[in-house]
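Q: Sequence:
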Amino acid sequence: MSTELKSTALEQIHIDMGAKMVPFAGYNMPVQYSGLRQEHAAVRNQAGMFDVSHMGEFFVEGPDAIPFLQKVTSNDVSKLIPGKIQYSCFPNEQGGIVDDLLVYCFSEVHFLLVVNASNMEKDWNHLMKYTEGFNVELQNRSDEYSLLAVQGPKATEILQGLTDTQLDSIRYYNFVVGSIAGVSDAIISATGYTGAGGFELYVRNDSAASLWEAILEAGEPHGLLPAGLGARDTLRLEMGMCLYGNDIDDTTSPLEAGLGWITKFTKDFISSEKFAAQKAEGVTKKLVGFEMIDRGIPRHGYEIAKDGAVIGRVTSGTASPTTGKNIGMGYVPIALSAEGSEFEVLIRNKAIRARVVSLPFVKKS
Numbered sequence: 000m001s002t003e004l005k006s007t008a009l010e011q012i013h014i015d016m017g018a019k020m021v022p023f024a025g026y027n028m029p030v031q032y033s034g035l036r037q038e039h040a041a042v043r044n045q046a047g048m049f050d051v052s053h054m055g056e057f058f059v060e061g062p063d064a065i066p067f068l069q070k071v072t073s074n075d076v077s078k079l080i081p082g083k084i085q086y087s088c089f090p091n092e093q094g095g096i097v098d099d100l101l102v103y104c105f106s107e108v109h110f111l112l113v114v115n116a117s118n119m120e121k122d123w124n125h126l127m128k129y130t131e132g133f134n135v136e137l138q139n140r141s142d143e144y145s146l147l148a149v150q151g152p153k154a155t156e157i158l159q160g161l162t163d164t165q166l167d168s169i170r171y172y173n174f175v176v177g178s179i180a181g182v183s184d185a186i187i188s189a190t191g192y193t194g195a196g197g198f199e200l201y202v203r204n205d206s207a208a209s210l211w212e213a214i215l216e217a218g219e220p221h222g223l224l225p226a227g228l229g230a231r232d233t234l235r236l237e238m239g240m241c242l243y244g245n246d247i248d249d250t251t252s253p254l255e256a257g258l259g260w261i262t263k264f265t266k267d268f269i270s271s272e273k274f275a276a277q278k279a280e281g282v283t284k285k286l287v288g289f290e291m292i293d294r295g296i297p298r299h300g301y302e303i304a305k306d307g308a309v310i311g312r313v314t315s316g317t318a319s320p321t322t323g324k325n326i327g328m329g330y331v332p333i334a335l336s337a338e339g340s341e342f343e344v345l346i347r348n349k350a351i352r353a354r355v356v357s358l359p360f361v362k363k364s
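Take the sequence shown: its position 99, counted from the start at 1, is 98 in numbering that gives the first Met the number 0, and no numbers get skipped.
Calculated directly from the structure, the hints in this document are not laboratory data.
Because the structure is a prediction, the values reported are computed rather than measured.
Heads up, the beta-carbon is just placed ideally off N, CA and C, and yes, glycines get one too.
There could be a bad hint or two in this list.
Said to hold, decoys possible - Taking CB as the label site, the calculated pair distances span:
hint, residue 1, residue 2, range
1, Pro-62, Gly-323, 22 to 28 Å
2, Gly-281, Arg-347, 42 to 48 Å
3, Ser-178, Pro-152, 21 to 27 Å
Unchecked claim - Simulated crosslink set (PhoX-like; lysine-lysine; CA at most 20 Å straight-line):
hint, residue 1, residue 2
4, Lys-121, Lys-70
5, Lys-349, Lys-362
6, Lys-19, Lys-5
7, Lys-263, Lys-78
8, Lys-278, Lys-263
9, Lys-121, Lys-5
10, Lys-284, Lys-266
11, Lys-70, Lys-305
12, Lys-324, Lys-362
13, Lys-363, Lys-324
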């Protein structure tokens, strides 16, 4: 198995801009440019642009596209109409999560699945197992597409000068195919992983560099900064958004993770009977958000304890740039999942007090 890192179409641009590059999900990716806190603040207050071209793009086409997707995803694909997007997950046979994803509907016979880079091969193999009996064709076109995420309250204003598409008419979790900065057939998607608003732009690799440069130029007067994966992680955590491999994985159920809203029992899908039983009986543990009461930053993997006994683990944690508080998420028994419940996070063998709070940590204005 090759250990050589893959490159996005923008890798050399990031290096030339002085970005700190790190291995991530098999790719050489920018983790920060000017600094995590500056980039984080730019996205919250003005705008930031991320290269997230490492994400995977699978196309599903054919007469049985909807029945196939109904089987392999937890959400109800039949509710989609062209131009709409759905957040969903691939359940596994054991009642866990293979991956979380976005489902884009072009037509009832044409869909795009956007999956996590770290799970691309696993997701593809999982989907191929279930194609038998369905008249569908799957194409993995991940290596053909680049993905730029322009996020923040000024994202619409910045991008509007580059396109004839009326961006403020694209509602959240909707998309259009249009031209932007001279790049035709771009997928302009009102989605993001920051909670700050904005768009994600899917273009062919040979158009990525020109689009990146055009957005940087248009955004400069508005305070837009290029942003790396470090800020992307702190931004998504402030919004209580799950990160695959941290907050959800092959062993966690969507119900435990607070994703019951994407788990629809109006249809039959992989592990639906397991999840229905779990819903009827009630889950025994739950993913919660918490703030540290005493000083200390929670990190992924730290143990959570109550009265000296380990009861869970931290799945994500950071010092929140927006709130100034130390925050985290983790799985705890149902009895300790209510807002206001207290427990301890074990940080360097010290029990540091924490309190459950409602998500997201940063409320949308």
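Q: All the hints need checking, so say for each whether the structure fits it.
A: Here is what the structure says about each hint:
no.	hint	in the structure
1	Pro-62 / Gly-323: 22 to 28 Å	violated (54 Å)
2	Gly-281 / Arg-347: 42 to 48 Å	violated (35 Å)
3	Ser-178 / Pro-152: 21 to 27 Å	holds (24 Å)
4	Lys-121 / Lys-70	holds (17 Å)
5	Lys-349 / Lys-362	violated (31 Å)
6	Lys-19 / Lys-5	holds (16 Å)
7	Lys-263 / Lys-78	holds (11 Å)
8	Lys-278 / Lys-263	holds (11 Å)
9	Lys-121 / Lys-5	holds (17 Å)
10	Lys-284 / Lys-266	violated (25 Å)
11	Lys-70 / Lys-305	violated (40 Å)
12	Lys-324 / Lys-362	holds (14 Å)
13	Lys-363 / Lys-324	holds (17 Å)
The structure fails hints 1, 2, 5, 10, 11 (numbered hints given earlier, in ascending order).
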